[in-house]
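Participant: Here our numbering is used: position 122 in the sequence shown is 315, and no number is missing along the way.
One should not assume that every hint holds.
[What the hints assert, rightly or not] 30 Å max Cα-Cα, derived DSS-like pairs, lysine-lysine: (1) K329 <-> K352; (2) K325 <-> K250; (3) K352 <-> K325; (4) K266 <-> K329; (5) K250 <-> K329; (6) K359 <-> K250; (7) K329 <-> K241; (8) K266 <-> K325; (9) K241 <-> K266; (10) K266 <-> K352; (11) K352 <-> K241; (12) K325 <-> K241; (13) K241 <-> K359; (14) K250 <-> K352; (15) K250 <-> K266; (16) K359 <-> K266.
Note that these hints are calculated values from the structure, not bench results.
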Amino acid sequence: MVPRLVIFLFGLLSTGYSISVNGQLSPYSGACGDETAMTFEDWREWTKVTPNPVISKGHSDNWVGVYVDDVAKATYLAVTGPYPECARIVKPVYTDASGTDVQRITVMVKMSPGYDPQDNDWWYGMYDAAGKSAIKQGQLSGCIICHRQAADTDYLFSKEVVQGTKE
């Protein structure tokens, strides 16, 4: 029995499918890692795009900042797209305009082609302030609907953010 199970699993994985931690089949097993195991504890070490918190209409009119990792930095600052695979963007959501107390962070990761092709292969997440525990994550329809409005910059509102930092 064991050899058949091993052969079945090997065959399954060789077709591009993966098995998530909840036992469900997923057609995604990309280079950016297992989406159920992502953490963002180092986000404060990334490039801070916004010198001061800004109000984000898409994040319930909360004060936010924008941080980009090294993979996303050049594309974000150039206000272009598409983003390279594994690019990561974090928006800390602050309690007020001082930007000293983080309530939670929101995250976008550009996944490998095929993750969500109809929405440019972006993965979304909401995490605790430390970036360690996911509150929700994946193909989040609320995030997708809003970010589709920024299709010209690969689903990111970088044009508004970068322009705002120059004023």
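Participant: Can you confirm whether the C-alpha distance between K359 and K266 stays at or below 30 Å?
Facilitator: holds, 17 Å
Participant: Between K266 and K352, is the straight-line Cα distance small enough, at 30 Å or below?
Facilitator: holds, 13 Å
Participant: Just to be careful, I want the Cα atoms of K325 and K250 compared with a cutoff of 30 Å; is the pair within it?
Facilitator: It holds: about 25 Å lies between the C-alpha atoms, which stays within 30 Å.
Participant: Holds or violated: K241 and K266, Cα atoms, limit 30 Å.
Facilitator: holds, 10 Å
Participant: Just to be careful, I want the Cα atoms of K266 and K329 compared with a cutoff of 30 Å; is the pair within it?
Facilitator: holds, 25 Å
Participant: What's the verdict on K241 and K359, does the C-alpha distance respect the 30 Å limit or exceed it?
Facilitator: Cα-Cα ~14 Å, so holds.
Participant: Check whether the Cα positions of K359 and K250 lie no farther apart than 30 Å.
Facilitator: holds, 20 Å
Participant: Next pair to validate is K250 with K329; report whether the Cα-Cα distance is within 30 Å.
Facilitator: holds, 20 Å
Participant: Is the hinted pair K250 and K266 satisfied, with a Cα-Cα distance of at most 30 Å?
Facilitator: With Cα atoms ~23 Å apart, K250 and K266 stay inside 30 Å; holds.
Participant: If you draw a straight line from the CA of K329 to the CA of K241, is it 30 Å or shorter?
Facilitator: holds, 24 Å
Participant: Starting from K352, check that the Cα of K241 is at most 30 Å away, please.
Facilitator: Roughly 15 Å between the alpha carbons, so the hint for K352 and K241 holds.
Participant: Does K352 lie within 30 Å of K329 when you go C-alpha to C-alpha?
Facilitator: holds, 27 Å
The structure shown violates none of the earlier numbered hints.
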